[in-house]
Amino acid sequence: MSDGLDEQEAGKGKLLPAWSGQTKFFPQPRGTSRPTMMAVSLIAIAVLTAGAYAATPTPLDQAHVDALIADCEVQQKADACTELLTARLPFKKQQIASIYALRGSARQSAGDLKGALEDYDQALRVEPKLPQVYLTRGALYLNGGEPQKAADDFGRFINASPGASEGYYNRGLAFRALNRCDRAVSDFQQTLKLDERFAEAAYQKGVCEHALSQLEQAMASYDLALSIRPDFVDALVNRGAAGLKLGRAVKAEQDFKEALSLNPKNLLVSYNLGRVYVDLGRLDDAIEQFSQTLLIEPAHRLALYNRGIAYFEQKKGEQALADLDAVIRMSEANASQLNGSPTGINYDLSDFSSQNGVQASEAALASAYLKRGMLYHLNGSFDLAIADYDKAAKFNPDLKDTALLRGKAQRLEKLTW
Numbered sequence: 023m024s025d026g027l028d029e030q031e032a033g034k035g036k037l038l039p040a041w042s043g044q045t046k047f048f049p050q051p052r053g054t055s056r057p058t059m060m061a062v063s064l065i066a067i068a069v070l071t072a073g074a075y076a077a078t079p080t081p082l083d084q085a086h087v088d089a090l091i092a093d094c095e096v097q098q099k100a101d102a103c104t105e106l107l108t109a110r111l112p113f114k115k116q117q118i119a120s121i122y123a124l125r126g127s128a129r130q131s132a133g134d135l136k137g138a139l140e141d142y143d144q145a146l147r148v149e150p151k152l153p154q155v156y157l158t159r160g161a162l163y164l165n166g167g168e169p170q171k172a173a174d175d176f177g178r179f180i181n182a183s184p185g186a187s188e189g190y191y192n193r194g195l196a197f198r199a200l201n202r203c204d205r206a207v208s209d210f211q212q213t214l215k216l217d218e219r220f221a222e223a224a225y226q227k228g229v230c231e232h233a234l235s236q237l238e239q240a241m242a243s244y245d246l247a248l249s250i251r252p253d254f255v256d257a258l259v260n261r262g263a264a265g266l267k268l269g270r271a272v273k274a275e276q277d278f279k280e281a282l283s284l285n286p287k288n289l290l291v292s293y294n295l296g297r298v299y300v301d302l303g304r305l306d307d308a309i310e311q312f313s314q315t316l317l318i319e320p321a322h323r324l325a326l327y328n329r330g331i332a333y334f335e336q337k338k339g340e341q342a343l344a345d346l347d348a349v350i351r352m353s354e355a356n357a358s359q360l361n362g363s364p365t366g367i368n369y370d371l372s373d374f375s376s377q378n379g380v381q382a383s384e385a386a387l388a389s390a391y392l393k394r395g396m397l398y399h400l401n402g403s404f405d406l407a408i409a410d411y412d413k414a415a416k417f418n419p420d421l422k423d424t425a426l427l428r429g430k431a432q433r434l435e436k437l438t439w
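Counting with the numbering used here, you get residues 23 to 439 for the letters of the sequence shown.
No lab work stands behind these hints: they were computed from the structure.
Please note that the accuracy of each hint is not assured.
What the hints assert, rightly or not - Mimicking EDC-like on lysine to aspartate or glutamate, the simulated pairs with C-alpha atoms at most 20 Å apart in a straight line are:
| id | residue 1 | residue 2 |
| --- | --- | --- |
| 1 | 287 | 253 |
| 2 | 279 | 319 |
| 3 | 151 | 140 |
| 4 | 337 | 384 |
| 5 | 114 | 134 |
| 6 | 337 | 253 |
| 7 | 416 | 319 |
| 8 | 338 | 319 |
| 9 | 436 | 420 |
| 10 | 287 | 307 |
| 11 | 115 | 105 |
| 12 | 267 | 310 |
| 13 | 136 | 83 |
| 14 | 215 | 168 |
| 15 | 430 | 405 |
| 16 | 115 | 134 |
| 17 | 151 | 134 |
| 18 | 136 | 101 |
| 19 | 413 | 384 |
| 20 | 115 | 149 |
| 21 | 436 | 335 |
| 22 | 416 | 405 |
| 23 | 337 | 319 |
As the list claims (entries may be wrong) - What follows is a set of in silico ranges between Cβ atoms, one per label pair, in the way DEER data are often shown:
| id | residue 1 | residue 2 | range |
| --- | --- | --- | --- |
| 24 | 347 | 283 | 32 to 42 Å |
| 25 | 339 | 419 | 24 to 34 Å |
| 26 | 104 | 283 | 15 to 25 Å |
Here a beta-carbon is modelled for each residue, glycine too, at the ideal position from N, C-alpha and C.
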């Protein structure tokens with residue numbers, strides 16, 4: 023399969039290839055089965071006795087101190103934690119560090135990520151032996167776009183807690199974000215050794231194997247994820263894509279259909295199921311599926327384009343002309359969005375909404391002009407045909423057959439199906 027439009031076949035009514043070799047394999051850091059953001063382990067600070075307070079006088083009475091401790095530790099109230107830190111109470115070093123960590127957690131919950139990081143930093147300066155704080159700070163770094171710092175913190179957590187699966191899993195996410203999929207696969211594998219029912223770890227392992235073009239291994243990882251969680255839509259989508267690359271289009275169809283049954287409004291899966299039907303030569307099914315995609319997103323230009331080309335292949339000129347007209351109108355109205363390769367499988371479903379699947383490439387637009395020109399030519403509208411051939415050549419000067427067809431139109435030679 024090639025990226026974008028097969029230009030040498032464009033004049034022969036060929037469909038836009040289904041998959042782009044420039045596929046992005048890496049989802050945004052996330053953890054479905056286990057939250058990436060692990061809660062700070064609450065170290066009991068309420069064990070101080072009245073006798074301990076007697077050793078160092080404090081302006082706060084016991085009842086008020088108990089209330090502050092409860093508010094800081096249980097209710098996660100940052101103000102209560104702050105009052106404890108400034109009250110000259112006889113806390114031990116580990117207890118002071120825990121209060122900073124608890125205040126960091128409270129600030130994080132309130133959306134104050136900068137303040138949370140400052141508190142986690144201070145907690146670890148006071149007491150470096152708080153592995154859960156490394157895990158929490160690492161997750162904050164990861165979600166904040168600093169994967170190297172995240173990987174370092176997760177490594178510190180692993181050193182302190184080598185039997186905890188979440189450390190390896192989160193470090194795997196960090197390595198994946200660093201495009202170090204070989205290291206990520208190793209960490210996800212270790213995660214599964216510690217927790218064999220961790221579906222998300224199996225899925226993420228498959229994603230990285232997919233990125234490394236280890237398609238059979240990726241298929242096995244997706245199989246494992248789905249054996250644990252049969253309704254794992256992302257794993258179904260990726261397994262279908264891997265299967266298609268391995269020449270297993272029928273299996274890909276099954277996976278995409280199952281994904282759609284679980285999420286009927288999934289624009290990405292709906293469109294690419296249509297592409298599977300194209301690869302299988304089932305144009306009626308492809309047209310129906312692209313129509314379903316357009317019910318979800320009427321402005322999906324590639325669905326319109328491919329449906330129009332499928333109609334063209336079936337010699338349904340009126341329907342083909344309507345779809346190609348719509349594609350060209352939308353593309354001309356949004357000329358600034360014509361960069362990039364045609365939308366293919368995107369393995370990050372959360373990212374897909376921002377792309378919206380409507381950004382046609384210049385190659386596809388050139389082909390749309392060419393096909394519409396051919397339809398005009400078939401109908402004897404030579405001037406309209408010549409204008410479209412010229413536009414096709416403008417967007418793609420190397421598009422095969424454009425000059426030949428233009429010459430025929432200039433000589434008023436009609437085309438036939």
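* To do: Would you pick out the hints that fail for this structure and give their numbers low to high?
  => 4, 5, 6, 7, 8, 9, 12, 13, 14, 16, 17, 23, 26
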